[in-house]
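> Just so you know, the sequences run in chain order A and B. Each residue of the first sequence is one higher than the last, beginning at 1075 in the working numbering. Each residue of the second sequence is one higher than the last, beginning at 42 in the working numbering.
A few of these clues could be false.
Stated by the list, open to error - Below, computed lysine-lysine pairings styled on DSSO-like, alpha-carbon distance capped at 27 Å:
#1 A:1287 to A:1230
#2 B:229 to A:1111
#3 A:1379 to A:1453
#4 B:281 to A:1122
#5 A:1169 to B:229
#6 B:103 to A:1118
#7 A:1127 to B:69
#8 A:1346 to B:99
#9 A:1122 to B:227
#10 A:1118 to B:483
#11 A:1122 to B:99
#12 A:1453 to B:229
#13 A:1160 to B:483
#14 A:1160 to A:1111
#15 A:1453 to B:365
#16 A:1122 to B:103
#17 A:1160 to B:330
#18 B:326 to A:1122
#19 B:229 to B:264
#20 B:103 to A:1127
#21 A:1154 to B:330
#22 A:1154 to B:483
#23 B:227 to A:1379
#24 B:330 to A:1118
#25 A:1160 to B:281
None of these hints come from the bench; they were simulated from the model.
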Amino acid sequence: MQNTKNKTIWANSFFKGSILGVMLLASFSAFAEAPDKYAPVYEKAPLKATALKDPVSYLFALPFELIRWPMIQNLLFVEKYHLDQKMTWIYTYLKNHGITPSAGYSPGGGVQAGLKLDLPRLTDLKSSYPDFIFDTWMNYGSSSYFQTGTEIGFEKIAGTDFFASGLAQYERKFREDFYGIGPDSTRGDGVAYEIETTTLAGKAGYEFSPSLKTTFHTKYRNVNVGESDDKDKGQLSYFGPARLTGYSGDRILTFAGELKHDTRDFIDAPTKGGYQQLYLGYDEGLGNSNARYLTYRVDAAQYIKVGSPRRIFALRGLMEHHDEVNGGNIPFYDLSKLGGYAAAGQQSETLRSYANNRFHGDSLLLFNLEYRYAIWEHKELQLDAVPFFDVGQVFDEFSHFQMRDFKESYGLEFRVYVARTSLVNISIAHGDEGTNFFVRTKKAF
Amino acid sequence: MFKKIAPYFLVLTLLPISAPAAESNYRKQQTVPYKDLYEQNVHSEAVNQLDLSRQARKLFNKPLRSANVNIFDEVADSAFFTNRHARSALSKEQLVRGYAENEGPDLSGDLTVISGEINGLHSSYHVKDARGDTYLLKFDSAESLELSTAAEVIGSRFYYALGYNVPQYTVAAVAAGKLKVSEGTKIKDDTGFVKALTQDRLDEYLLFAPQSEDGSFRVSATKIISGENKGFFSFTGRRKNDPDDIVNHRDRREIRALTVFSAWVNNTDIGESNTLDALVTENGKTFLKHYLIDFNSSLGSAHRGAKPPMYGHEYTADFGEAAKAFFTLGFWEKPWQKRWRTADEKASDKPAVGYFDNREFSAAHFKVQLPYEAFKRLTRADGFWAAKQIMAFSDDDIRVMVSAGKISSKESEEEIVKTLIERRDLIGQHWFSVANPLDDFKVEGSKLVFKDLAVQVGFEKSETQSYEVTVLNSKGKAGQKLNVNLPEINIDSSWIQNQNTSTLEIRSRDKAPFVRVKLDSNGIVSVKHQD
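So that you can see chain B by itself, here it is in the shape it has in the complex:
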């Protein structure tokens, strides 16, 4: 029997691997947390060990460069990412507003509930407002007032300002009695069964949602994206039938760098399950736009309560950390255990803060819940690029974006701001030290000028910095060597005259990673930071 069906089974199994997807349309891709968990934490963890080229790159320390960086070592705008704050500082108004199509749900009329979901004591509802727009409303838990709703909105502001596509998120106060159930509305409750939702049943569920003194419910309102939902996007491969999707997502710098950005805002739930592809038409072109969604596991929040202590330090199933604990007979105290112990095994006493601080935080070792290969392939150049984006935010920028969370306690808000500022600097310090921090190369007159970002943000002193310059010949062999104390290099015309182009390899200290700047008679041809 098995022999008979085996060939068919083999063919069916291999089809998804080998056959190109249908060209005609964008099929909706399905993912769920269980699938994501299995694929990343079990399947990929095993299969990646059998990837010969990956192992060889590890062995010979030859990381795979991101495939979508342009000649200036930047990421060009795409359906995944738009250079925003780091390219041109957004105004305070833009930062606090984030991506916005309007001011949030129209609360002048009733909000009609069209579907809902109950998880434990927590509920969320899809509603239609008076304008006919659809929103997803999520509530805080009674024990962690303002935590989850603020995290959702604040998280979205950061990702948007960094350059990602996000839906519109707002904090709203919905008056009790505004939520009306429409005929035929269904709800999936804790039992897993879908049931009819009546007004009485809704009122019952809302008893568990915290109400403010004026009787209103504080919610985060996500405006449902207007384009056609095409499911999630992978962090590994690409959609082969999307002509705009040429580079494997694993090798897209903005996807790899998500781990750095998520470390900053402590979003441990970043993953394929929290992405969405929507078929949209903009400027007359219909294309797949790639969104990040669901940020309520940012900052000190997760699962609508304070973040569990191991989040950010370990994957859901972390074989490496478990092995370390196993071989040390449990005597090695894991960083999260130490942090939890020194916190007296409790989160902040400020409910809106949850569990968010920088004790035991390591920019190099931050982990989201699942071990995506894209994040593991982050190179020094990718990390530097991400850190550069992060360092573009001033203290005030951060303060303004956190204010979008509308946290009632200024003390709590300031604690979040303080942690984010500290963490920004920790991330910047890390990547500006392990990667080459020189950037913004320009030819001015006969000089190549650049910025030392480590100096610019105050991690290093300009007086102590010097730069080692090596002129490479056309074969990449080192020629003339110079040392300069200022971030400018006099260009010797002979460098270019002899071979039409010339590459300068610049290091900010001996044996530090380099940045290669290629010049020709017209100026800079390319910039490449060492991976």
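Next up, chain A with everything else stripped away, as it sits in the complex:
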């Protein structure tokens, strides 16, 4: 049934065209055989080539086009000669044979390169002596540090859960920052110094279980302190020998014990568990050194799933305190340090919007809070977004602790993992002293 909506048109059309209509209908009937609907017949024939874009859009895209060609040639070259596979194979081959090269770059530390030799693997002794450790290494950061060392020992002694090793290491940091002691130091007072440390150390311990172990350390250090070559910063002498203990360097003997409980399911990207670490150390200066102090340190972190392993709330608390013993003192370079984002060869604890080593003090209290959530996954690759909040302070004695001395830092980090191993992270942090930007391979905790 048809419903006519415009009866006037319908009627007029019907009468006016009745004669011609018969002819037309006859021709429709004659055309009842449908044409080939797949025939290459086009409304605007013949087909013509058209531009992919308008000229203005081409112009806008020009900067990208300039990059495109060399980029594509590189990618073609890499795949044609399988350079990615070759590089991976070479790295894996070297590592399996006891040679681990490393390279990197950090804005503060410049270009970094390193080489670690696992001598039992290198000499094919690893299969005969799987628990034997004999490592030697060398690391260099173009504007930050040089380090070389050797460690010899056993991961398991005679098949038991006891372990022991000895270490010899030489380290020279070309530029360490110092801003004074205490929470009220100012950034403008920043100076740079150079520190050279030669270490002979031994450690032994027992692994109660894969998650619990205790370690005892003995360490001898010869520390030399000097002025840095950095012309942009002030000299350490600005603070004067009288105000800085350890200004002339020291020889120090350390005895320490450590207990570590670690229940993380993955070290780099834990989805559950946590760690708790207790450290108690005694340092005694030798010769002319007046260093004599105790170090207490509690470091704990917990990783809590927020309904899914893709959403993790991570909380870390760190408390450290140095206590002078019998009129001894604590060298300034061994004080608790706070500021920056812990990088290779640096001991300053993480307070990301502040400069590295920004605060020195006898004691340190720090909390790092992170909410880590996955925003992209592709096979074994994962990208996490991590809003974070750091709050911490240094102080002298507990009686001098004040809430108002806490320094805050907050920001956002993006982390890339491969098979739950940290590959790279990029972060931006803001606080009272400005904004910092980091590219790192290791994360805060």
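Given chain A, put chain B in place with the hints provided.
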């Protein structure tokens, strides 16, 4: 220094953009997955945002119509596509056989290995059989028996029946000991280095390939295309020196529709890297024939194992999905995450099925690995055309094509068939609802008759359907309006008499997309579905 070289650099960089390609021959075009990834996932994603006409079309909802559709809104046969099953149903034998030049490698004699490649525990070899034909043999992984080989062959059957050019794919059982290494054969192994392949080394590699109880190796055998290999074909531009290649590939309906077809067979790896242009001579004419190749990422397979859970739901780097997760602080569960969670984070317990089901499947949101602009430009008319092709396959047709995979477990085979049937209907339902589902227009006597495909396949009931017809004048202005309950319209002779032609705009419901049928005294002049 930079100032000196900058002009040369600029000229060199712009040359590929501006200069026409050499007319004399077809240069071999190179692509590799890294290049494809960079071009589609990085370069194009950025540059497309700066395309003013593209943005304007988005803003004013004026999609760009496919440029190669004929007056009946169909795609004519070409070197890219040949209308097959939807035009005239292929027989069961043709469906199961797919594109075939022979029955597969001649296994009466040895297969001589002429080159090979090792990726992890997986190997593939180019071999020559007793007839002198060359094949690429690929194996399953030990954990996913029959998955990859079946996916490859089944995928090829679907694409061929739909209309694409594919090489010959067969499943073969190669007896151990049949593979013989020829003198001077090289192999690229996991190290990335090319090495000499000896018989001992081959036997070593084959230790990792699963063997059946009779000791033979199950392989998918791809017959190497006989024409001269000219590299890949782009999904964006055209080969300017190919006289047959007039339309930008981005605007070819059969290229745009690949995303719909790939959603059906779950082939997430469809991309430029898996295409091939071959210079062939057929019927006395030498021309470039455009092939789709490599279908072992179809169905539940990818990388010779079960498909990773995010495949089909996200691009390799999916900025949109990442942004959504970012702004919702990770509390928005992505569809693939939900699907994976409800699957207890594991693929099917049937190795030949892999990870293939319709939970969280969305015909509108299926994504292949790379965000090709051609796929993003798919219009409603293109989607309808693709869905129409898909709906032409009956349950039995699907069953027959899946049988080409020679899966030993009937249960596994039936699970794949069931998923494909369901997915066919999901795709059909989607496109027949968002586009105008009326098709197959004919003039019979004084009537214009057509088919409502949504009714024909049972998505809608004929009793409840009615059609709104508007007669447009020569200026495109609406004139007479009619409502009909059956898929036929009495043609009023005055519609044509007054202006020689007349256009009827037909909708299957109020404000639904239209189809415009232009008539003249000889019958139908053109059919156009709304984009």
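> What hints, given by number in increasing order, does this structure fail?
2, 8, 9, 13, 14, 17, 22, 23, 25
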